[in-house]
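Undergrad: Letter by letter, the chains look like this.
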Amino acid sequence: MKNYLEFEKPLAEIEGKAEELRALARQNDEMDVEKEASALDAKAETLLKDLYADLSPWRKCQVARHPERPHCKDYIEALFTEYTPLAGDRNFADDHAVMGGLARLGDRSVVVIGHEKGHDTNTRIERNFGMARPEGYRKAVRLMDLAHRFNLPVVTLVDTPGAYPGKGAEERGQSEAIARSTQKCLEIGVPLVSVIIGEGGSGGAVAFATANRVAMLEHSIYSVISPEGCASILWKDAEKMREAAEALRLTAQDLHKLGVCDRIIKEPFGGAQRDPKAAIEAVGKAVEAILDDLSKLDGPALIKDRRQKYLDLGAQGLAA
Amino acid sequence: MNWISNYVRPRINSIFSRREVPENLWTKCPECGTMLFHRELSDNFNVCSNCDHHMAMSPRERFGALFDGGVFSEVQVPEPIADPLHFRDQKRYPDRMREARRTTGEKEAMLVAEGEMMRTPVVAACQDFSFMAGSMGMYVGNAIIAAAERAVQMRRPLVLFSAAGGARMQEGILSLMQMPRTTVAVEMLKEAGLPYIVVLTHPTTGGVTASYAMLGDLHIAEPNALICFAGPRVIEQTIREKLPEGFQRAEYLLDHGMLDRVTHRKDMKEELVTVIRMMMNMPPAIKGDLPAPEVEPEQPEPAETS
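One line per chain: the protein sequences are A and B, in this order.
Take the first sequence: its letters are residues 1 to 320, numbered as in full-length UniProt numbering.
Take the second sequence: its letters are residues 1 to 306, numbered as in full-length UniProt numbering.
Source of the hints: derived by calculation from the structure; they are not laboratory data.
Since we're looking at a predicted model, the values are computed, not measured.
The C-beta atom is built at its ideal place from N, Cα and C for all residues, glycine as well.
Please note: incorrect hints may appear among the correct ones.
Non-contacting residues of chain B with respect to chain A, defined by C-beta distances greater than 12 Å in every case (computed) [unchecked claim]:
1. 31
2. 55
3. 68
4. 150
5. 179
6. 185
7. 231
8. 247
9. 271
Pairs of lysine to any residue residues, derived as SDA-like cross-links and limited to a Cα-Cα distance of at most 25 Å, are as follows [claimed, not checked]:
10. A:236 to B:240
11. B:242 to A:237
12. A:167 to B:243
13. B:190 to A:142
14. B:91 to A:25
15. A:167 to B:223
16. A:236 to B:85
17. B:91 to A:301
18. A:167 to B:242
19. B:190 to A:166
20. B:190 to A:228
21. A:257 to B:86
22. A:304 to B:223
23. B:107 to A:233
24. B:242 to A:229
25. A:257 to B:80
Put together the whole structure using the sequences plus the hints.
TA: Listed below in structure tokens is the structure:
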């Protein structure tokens with residue numbers, strides 16, 4: 001059973017019909033439905049292209065949160081070899097919403113860190129839907145320190161609705177943990193590349209994405225607040241999320257114009273969820289290209305580059 | 001909502017409830033309900049004399065009380081581009097800004113100043129909660145960077161008074177980017193070996209807490225200030241249970257190791273000066289309310305010795 005988004009309903013209908021026809025033909029040898037079925041396929045493909053050619057910001061949010069979109073774990077498994085997960089913040093616990101460890105990307109040793117949302121009910125609960133607690137950020141700080149000491153580039157994969165708003169998280173200093181993680185991002189003398197693979201949710205994303213280069217998948221989003229949250233505060237109506245998504249300028253394309261995103265990684269047609277392998281490969285290529293580029297800079301230059309990037313940010317705004 | 005309730009009713013109300021006393025002479029303490037005379041209140045740094053509730057204080061009032069003789073000079077903040085996203089919710093962002101400027105008389109949500117506290121030179125930045133909930137946008141980011149740069153240039157400590165509802169949504173991602181930007185400012189101070197002291201006032205929440213407000217060398221809070229990342233309402237909605245009394249208040253954070261001290265407003269100045277002078281290896285301060293520093297007389301040219 002495929003997962004269709006609300007705006008993909010017409011597509012679901014056509015693809016469903018084609019599937020039905022084929023199923024019928026399998027039971028009945030004399031029937032030849034291939035012609036009709038491929039006509040439906042063609043129709044579905046055109047529709048898909050049309051739908052995805054110009055996604056509204058709110059639709060992009062839906063695609064970015066698509067449950068079948070490849071998640072951090074999928075990227076790590078497919079792109080890296082010898083991935084060795086490292087656990088714990090050495091203070092309190094290990095946060096399963098944050099994955100991280102040593103790994104090889106091509107012939108480079110790197111430290112990889114990312115938010116993992118999980119892919120079914122059990123793993124989602126285990127991963128807390130990708131919402132990290134202070135321990136997650138403190139683990140990230142530890143891993144970034146490790147990367148700095150052993151001169152390993154850091155790759156972060158961002159996919160989180162935001163930091164977890166829970167009682168324990170607040171008690172243990174959620175804000176301080178996020179602030180320290182952002183600060184650590186700015187302090188390490190190794191290349192830091194961040195890829196927003198789905199949802200870049202507010203401070204919980206910044207804590208990992210304060211990088212030399214921030215790349216975003218074509219249909220990923222990065223925002224100060226969720227469109228629903230923004231709508232309920234500014235419109236006093238959570239149902240106005242379409243308007244809020246529009247106003248917030250949270251798409252990769254707008255963020256590229258604003259200079260927040262340095263590079264947009266193209267997704268397969270119909271979004272990463274339709275061809276995870278292709279999406280993962282595209283991310284791998286982009287990360288390697290960025291790391292090649294950054295390898296020309298030494299430690300102090302990398303720190304300076306990162307700081308300057310953020311100091312300069314926002315000077316021009318969106319062109320009218 | 002219609003024109004009857006929006007327009008007619010307030011007019012009728014205003015006819016029947018004409019005030020007998022001029023406005024602003026008395027303030028009711030929101031905590032205990034005591035009526036406080038305005039002069040008494042300002043002499044007491046906007047703290048209720050009955051229940052010690054710390055009310056809001058504008059940056060100018062605060063600086064007036066902190067600096068010797070109430071004298072300070074403003075540090076110029078580079079002006080960011082206005083309304084970078086052409087943001088519009090139910091109102092246009094420029095209209096909201098105009099409204100905030102009109103009601104506060106301030107340009108933006110942060111004021112940066114330099115001056116002397118008990119003859120101790122400092123740079124201070126203060127967030128203004130009455131200006132769009134003190135929200136952190138590009139201007140606030142620029143203000144903190146300007147404050148840090150000035151502190152580094154003058155070799156002075158930076159004291160920052162935080163108060164904010166979080167990031168300014170109307171600047172979208174650019175407000176979020178003030179988290180790393182202001183962290184760069186903190187790094188400048190750290191590298192220069194200068195004290196960075198955060199005074200957390202009510203309320204300090206969201207992206208502000210999760211960046212510069214939690215990166216101080218010292219964290220001092222005012223009593224009962226709400227300090228958090230996620231607000232109590234959001235948490236109650238998430239975990240569906242009532243939060244304990246005092247949750248996320250200054251004393252609670254002190255108990256949980258997030259603050260160094262909780263200090264009454266009337267003792268704040270002396271405490272800041274005391275710790276700054278120790279951190280900077282200066283001799284103890286001459287304490288008390290000092291007049292404004294005299295302008296240094298021009299040093300006579302040293303006589304030529306031949």
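Undergrad: Run every hint past the structure and note whether it holds.
TA: Verification of the hints:
1. For residue 31 of chain B, the non-interface assignment is confirmed: its Cβ lies about 23 Å from the closest Cβ of chain A, beyond the 12 Å cut-off.
2. No Cβ of chain A comes within 12 Å of the Cβ of residue 55 of chain B; the nearest lies about 24 Å off, and the non-interface call holds.
3. With a least CB separation of 32 Å from chain A, residue 68 of chain B remains clear of the 12 Å interface cut-off, as annotated.
4. Every CB of chain A is more than 12 Å from the CB of residue 150 of chain B (nearest about 15 Å), matching its label as outside the interface.
5. Under the 12 Å C-beta cut-off, the non-interface status given to residue 179 of chain B relative to chain A is violated; the minimum distance is some 5 Å.
6. The beta carbon of residue 185 of chain B is not kept farther than 12 Å from every beta carbon of chain A, the shortest such distance being approximately 9 Å.
7. Residue placement check: residue 231 of chain B does not keep its beta carbon more than 12 Å from all beta carbons of chain A (closest about 8 Å).
8. For residue 247 of chain B, the shortest C-beta to C-beta distance to chain A comes to about 8 Å, within the 12 Å cut-off, and the non-interface label is violated.
9. Separation of residue 271 of chain B from chain A is adequate, the least Cβ-Cβ distance of about 22 Å exceeding the 12 Å criterion.
10. Between residue 236 of chain A and residue 240 of chain B the alpha-carbon distance is near 21 Å, which keeps this suggested pair within the 25 Å criterion.
11. In summary, the hint linking residue 242 of chain B to residue 237 of chain A is supported, as the alpha carbons are separated by about 24 Å, within the 25 Å threshold.
12. For the given pair, residue 167 of chain A sits about 8 Å from residue 243 of chain B by alpha-carbon distance, which is consistent with the 25 Å threshold.
13. Proximity of residue 190 of chain B to residue 142 of chain A is assessed by CA-CA distance (about 20 Å); at most 25 Å being required, the pair is judged to hold.
14. Using a Cα cut-off of 25 Å, the hinted pair residue 91 of chain B and residue 25 of chain A is violated, with the two alpha carbons roughly 58 Å apart.
15. Taking the CA atoms of residue 167 of chain A and residue 223 of chain B, the gap is about 21 Å. The hint holds against a cut of 25 Å.
16. Distance check on the hinted pair: residue 236 of chain A and residue 85 of chain B sit about 21 Å apart at the alpha-carbon level, within 25 Å; holds.
17. Of the pairs offered as hints, the one joining residue 91 of chain B and residue 301 of chain A is violated, with about 44 Å between alpha carbons and a cut-off of 25 Å exceeded.
18. For the given pair, residue 167 of chain A sits about 10 Å from residue 242 of chain B by alpha-carbon distance, which is consistent with the 25 Å threshold.
19. In summary, the hint linking residue 190 of chain B to residue 166 of chain A is not supported, as the alpha carbons are separated by about 31 Å, beyond the 25 Å threshold.
20. Restraint check: the Cα-Cα separation between residue 190 of chain B and residue 228 of chain A comes to about 38 Å, which exceeds 25 Å; the hinted pair is violated.
21. In summary, the hint linking residue 257 of chain A to residue 86 of chain B is supported, as the alpha carbons are separated by about 14 Å, within the 25 Å threshold.
22. Restraint check for residue 304 of chain A and residue 223 of chain B: not satisfied, since their Cα atoms lie roughly 39 Å apart, outside the 25 Å limit.
23. Simply put, residue 107 of chain B and residue 233 of chain A have alpha-carbon atoms about 24 Å apart, close enough for the 25 Å limit, and the pair holds.
24. Note on residue 242 of chain B and residue 229 of chain A: the hinted pairing holds, with a Cα-Cα distance of about 21 Å set against a maximum of 25 Å.
25. Of the supplied pair hints, the one linking residue 257 of chain A and residue 80 of chain B holds, its CA atoms being roughly 17 Å apart against a limit of 25 Å.
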